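Asker: Sequences are here, hints too, so could you generate the full structure?
Chains as they are written, first to last, in the numbering used here: chain A, 1 to 427; chain B, 1001 to 1427; chain C, 2001 to 2427.
These are calculated hints, taken from the structure and not from any lab test.
From a predicted model like this one, the values you see are computed outputs, not experimental measurements.
Keep in mind that a hint or two might mislead.
DSS-like, lysine-lysine: derived pairs with alpha carbons at most 25 angstroms apart [what the hints assert, rightly or not]:
id, chain 1, residue 1, chain 2, residue 2
1, C, K2055, B, K1266
2, B, K1247, B, K1170
3, C, K2266, A, K55
4, B, K1066, B, K1118
5, B, K1203, B, K1266
6, C, K2203, C, K2266
7, C, K2066, C, K2055
8, B, K1055, A, K266
9, A, K247, A, K170
Just a sample of chain B residues kept apart from chain C, beta carbon distances all over 10 angstroms, derived [claimed, not checked]:
id, residue
10, S1054
11, E1059
12, E1074
13, I1103
14, N1107
15, A1131
16, D1189
Just so you know, even glycine gets a beta-carbon here, dropped at the ideal spot from N, CA and C.
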Amino acid sequence: MSIELRNRIFDELDLMVLIDPHTHINALDPASHTLADILGYHYYTELSHSAGLSKFEIEGEQLDPKEKVQRLIENLGPVNNTIQYSWFIEMCQAFFDFQGDQIDAANWEPIYDRALEKMRSPDWAQQVLSASRLESVFLTNDFDDPLEGFDTSLYIPCLRTDDLVFHLSKPEVRERLESSTDISISTPDSVRDALGSLFEHFKGNNARACAISLPPDFAPREVSDGRAQTALDAILSDGVEASASHKNALASFVFWNLATQCQQHKLPFDLMIGVNRGVYEDGVYQGQDLYDSRVSLIQYKQLFNAFPTVVFPISVLASVTNQELTSYAWIFPNVVTNGHWWYSNTPTFIELDLASRLEAVPRTKQIGYYSDMYKLEFALPKFAMYKRILAKVLAERFVIDRNWSESDAIAFGKQILRGNVESIFGL
Amino acid sequence: MSIELRNRIFDELDLMVLIDPHTHINALDPASHTLADILGYHYYTELSHSAGLSKFEIEGEQLDPKEKVQRLIENLGPVNNTIQYSWFIEMCQAFFDFQGDQIDAANWEPIYDRALEKMRSPDWAQQVLSASRLESVFLTNDFDDPLEGFDTSLYIPCLRTDDLVFHLSKPEVRERLESSTDISISTPDSVRDALGSLFEHFKGNNARACAISLPPDFAPREVSDGRAQTALDAILSDGVEASASHKNALASFVFWNLATQCQQHKLPFDLMIGVNRGVYEDGVYQGQDLYDSRVSLIQYKQLFNAFPTVVFPISVLASVTNQELTSYAWIFPNVVTNGHWWYSNTPTFIELDLASRLEAVPRTKQIGYYSDMYKLEFALPKFAMYKRILAKVLAERFVIDRNWSESDAIAFGKQILRGNVESIFGL
Amino acid sequence: MSIELRNRIFDELDLMVLIDPHTHINALDPASHTLADILGYHYYTELSHSAGLSKFEIEGEQLDPKEKVQRLIENLGPVNNTIQYSWFIEMCQAFFDFQGDQIDAANWEPIYDRALEKMRSPDWAQQVLSASRLESVFLTNDFDDPLEGFDTSLYIPCLRTDDLVFHLSKPEVRERLESSTDISISTPDSVRDALGSLFEHFKGNNARACAISLPPDFAPREVSDGRAQTALDAILSDGVEASASHKNALASFVFWNLATQCQQHKLPFDLMIGVNRGVYEDGVYQGQDLYDSRVSLIQYKQLFNAFPTVVFPISVLASVTNQELTSYAWIFPNVVTNGHWWYSNTPTFIELDLASRLEAVPRTKQIGYYSDMYKLEFALPKFAMYKRILAKVLAERFVIDRNWSESDAIAFGKQILRGNVESIFGL
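Answerer: Printed below as a string of structure tokens:
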């Protein structure tokens, strides 16, 4: 009974046209050119590497795309249990007419060729968007991105601020900031002015969010101008050799002023909490980050209290933080739950985290899912995975356990999937 | 199959007459007078506020109850997915003849009027107890409560001790302690005597537990009389301005002596572990508390070892602490699992936490559930929610997964629901 | 539907002959002699004690085995809900022809006698291995075990190193090390030589792993020879009275050199992370340990990076650490998930932890289960429990949720259960 029920709910959810509220798409080159763009995604390279493939086999500069795909395919057997592998199969089925359920050394080449042929079509990106029923996707733009050359209503800018908060001690970051704003960075006021200039630029180009990823030990606080000046002086003089104390003070100062800008410009501030960068030093590209799950949203108490009008869509890296996120979104009007991030973007954790949010957080304050994709082809299988789990939870925990009507459950699912994206990001 | 099975188990559990081992009922005014007493519960005001309702709309001193209910009802749409909303619907169905499953601007007024009419009945509290199949309920009494004017076998006193442990630096708390015990607080001995006097008073009035809620960073330790005297001198001289070190030493001293009193008077000591008070500073009344889930029962190692004859029924605020609770109750004879508290009192967390306790903690050491209610009407829907989940877990994990007979599963459920409340609290 | 499906998958998995990759079997006395050897297992004594049985009732030196069994049986009623109790019933059904599902004061004696009769059979151990379909079992050997008198291809040695890392300050441990290696311990080089000697001895006797259990606050780091010498001098002079700083430095030094030996000898290094010893001071034998779940694998970052060719099969004590384990095994080639340890070895936690690993960790890097048993009779019910859960997860999350074929799901289960044990430990 519950299988048919969840299939019916899935079918309804699957008809929807969606907006993807967080991706890493390059608007000037949004879709893949070969299967190497798909299998080069860190989810595949890091898993293959973890299962034994040398990174030198797949990270050579001169590596031909087809050769790279062959090497990866031949090493996917040990990871064909993973949900990430299932995304690859589902992409090949949906986009490249693949009929089977395993791709290996014996059958990969025709798929590669078929993909190449389709990807060469000049409207391939549009075909993918259409087949994926995607209306628009949010980007992740460097702060000095000119935001030119693309349709910002289809590819919606989002100001990514990790560099500003955590790497302002690097001369090259300061230079990028100075050259993109024409403001010399030397005082707290100049930092504020530069940030203001960035926000003007982004808001003027249809940006709908500011975003940042944060390490587990970050606990932002308000920093006085005097302390900020001292910190600025230190990093202007010593660069990355400045003491951790100065770098931390400056990080909090910039972060706090980003929140202030979000307040002034009515932009949601996406916080992605919990990642430690570079834990596995010899890992493949983008496959080196992990985390310490001992993090608490209590670290953001001051922030949430200080900026009641800024909406904070929050993603947490570890499922053990999900109950705190659920509780903080239940209490703080400005805290919103946002998707299922990275190491928590696998079915078992999604199901548990989703179920606990659906029953305790106001329905208007939950952003169901984002794909986090680098290439457009990934939205389809990732959203499909999420919609299957959403349908399962709605079927089992609302229709069966709580006697909801199927139509009420579907309406709730639709709000999580799309309605809230529109209302929260002002689309 | 499993749906019918769990319905059969639920039906058997639902026939039981229960004792509610932890509530905030005012014995002199136990039931609601209007729907405003129900919707004024922080679960509704904080969720509505979180979803956008200004607290000034619902916290005005002069607000007419009907007006307050209207404002809240009109703002419940965004939270009608929550389990808390479902409690409200179930109360209206059970007590006020409501037939539907949504209450909104279009249909609330007749329900309000019908509730008002029923609540005016002089035996309304008794009607609610009877319809809820409640035999008695535990209270949460201030330490200076005279415990007069009510039937202590129906409304069972429980000595709440947060003020004594955490607020003795406040002159008004010391004055309340001195005036209720006729003992001047100036030395460790005088504190001990005053606590002894309170316990005599409570035990003489049928008290069955001592209780306290504790912040996540609390780690009680034995404090010498010398250190306690220094701390007392400091708070007698400086009040709340005394240093954290003195306040912490005094907190541990008082806490340790409460455990000593529990030992002497054979009273269980309910520990509710993990809450941070006032995290959301501008939240509604009782809607400001949250938590840091980084807490461990290892913080109570000394306590559990020092008081082997004191029973500690323990509630944890975060589900991530539930496995520790399960393990500590499995090992320590004096640790008992107690209900599903606050932010863990939602179905997904209850199901997970309950399932892990049922299979690893001695069946005699699990107190299934308490309502934590402020008004009697809440016991019915809260216990019903719990019993549905208990029936689900017993059906799926005992009858199906482990081949238990249905009658054995039901007997286990009944023990968790009532038998253990009697044996643990000596009823 | 899903019940039949999981039964079919279980039946296939249950036909397999297995290798148990972690036990505490004494190869010279592997099976039980009376039911007292089974019920004397700490899982029963600690649960009975937790439920009220005095430890003096069951820990008397002179206690007759039959008397001990009677006392325990008469106190198992309060724990007959636990999964541990179900193991006892399943053993009695499988080995001693017991037909019922409860053993109590009324029916225990014939079972005791029947067990005694069967256990007296000279080939009892072989009968148990055969009925349990066990081909071989890993041991947990003290570092000075002569490894003589048994078939090391049936009882496979494993070098247990807790004493070396955490108790080298005890004179008796140093003496054992010196007498087993003929090396006087006075310098870092001598420690290295002694460890090398132990590894030679173990490798020469078919050892397939090095293993250690670790407290939650352990964070190994490389220690210079200079610092190690200072620490050695301190413990040689002051023994267990040496400062924690010296003991910690020496622990890291020895641990790091164990990893170096594992690298040189190509031995996997089993890390069992998270236990605090002696938390319940008056607990029964082996029933005193608990934990602080605030632990992170980030504490092992340096180790995993420094020893890329050492395979680390990792067990975590608390389910809240399981997501980190899953993620670290997904990223680090040398991190492997290993079984479900102790307080996480109950069905609800196994199901959740297993499900999240199966979908995100390369299938070649998951060791499904080990029994951790002290007597051979325990493998059967413990593995049966695990296989039922594995069948449930494969049925529900792979065949139903992800449309896997039944045969693919079974093949995956078999790899987890046995194939990976062979490949990872080089059997």
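Asker: Could you run down the list of hints and mark each one as holding or not?
Answerer: How the hints compare with the structure:
Between the alpha carbons of C:K2055 and B:K1266 the distance comes to roughly 22 angstroms, so the proposed pair stays at or under 25 angstroms and holds. Taking the CA atoms of B:K1247 and B:K1170, the gap is about 11 angstroms. The hint holds against a cut of 25 angstroms. Of the supplied pair hints, the one linking C:K2266 and A:K55 holds, its CA atoms being roughly 22 angstroms apart against a limit of 25 angstroms. For the hint pairing B:K1066 with B:K1118, the CA-to-CA distance comes to about 15 angstroms; that is within 25 angstroms, so the pair holds.
Restraint check for B:K1203 and B:K1266: satisfied, since their Cα atoms lie roughly 10 angstroms apart, inside the 25 angstroms limit. Distance restraint check for C:K2203 and C:K2266: the Cα-Cα separation of roughly 10 angstroms lies within the 25 angstroms cut-off, and the hinted pair is therefore satisfied. Proposed proximity of C:K2066 and C:K2055 is supported: the alpha carbons are some 17 angstroms apart, at most 25 angstroms. Simply put, B:K1055 and A:K266 have alpha-carbon atoms about 22 angstroms apart, close enough for the 25 angstroms limit, and the pair holds.
Of the supplied pair hints, the one linking A:K247 and A:K170 holds, its CA atoms being roughly 11 angstroms apart against a limit of 25 angstroms. Distance to chain C confirms B:S1054 as a non-interface residue, since its nearest Cβ pair spans about 38 angstroms, more than 10 angstroms. Every beta carbon of chain C lies more than 10 angstroms from that of B:E1059, the smallest distance being close to 37 angstroms; the non-interface claim holds. Its beta-carbon lying about 40 angstroms from the closest one in chain C, B:E1074 satisfies the requirement of being farther than 10 angstroms from that chain.
Look at B:I1103: its CB is around 36 angstroms from the nearest CB on chain C, clear of 10 angstroms, so calling it non-interface holds up. The Cβ of B:N1107 lies farther than 10 angstroms from every Cβ of chain C, with a closest approach of about 39 angstroms, so its non-interface assignment holds. Every Cβ of chain C is farther than 10 angstroms from the Cβ of B:A1131; the closest lies at roughly 31 angstroms, confirming the non-interface assignment. At roughly 29 angstroms from the closest C-beta of chain C, the C-beta of B:D1189 stays outside 10 angstroms, upholding its exclusion from the interface.
Violation of the numbered hints given earlier is absent; every hint is satisfied by the structure.
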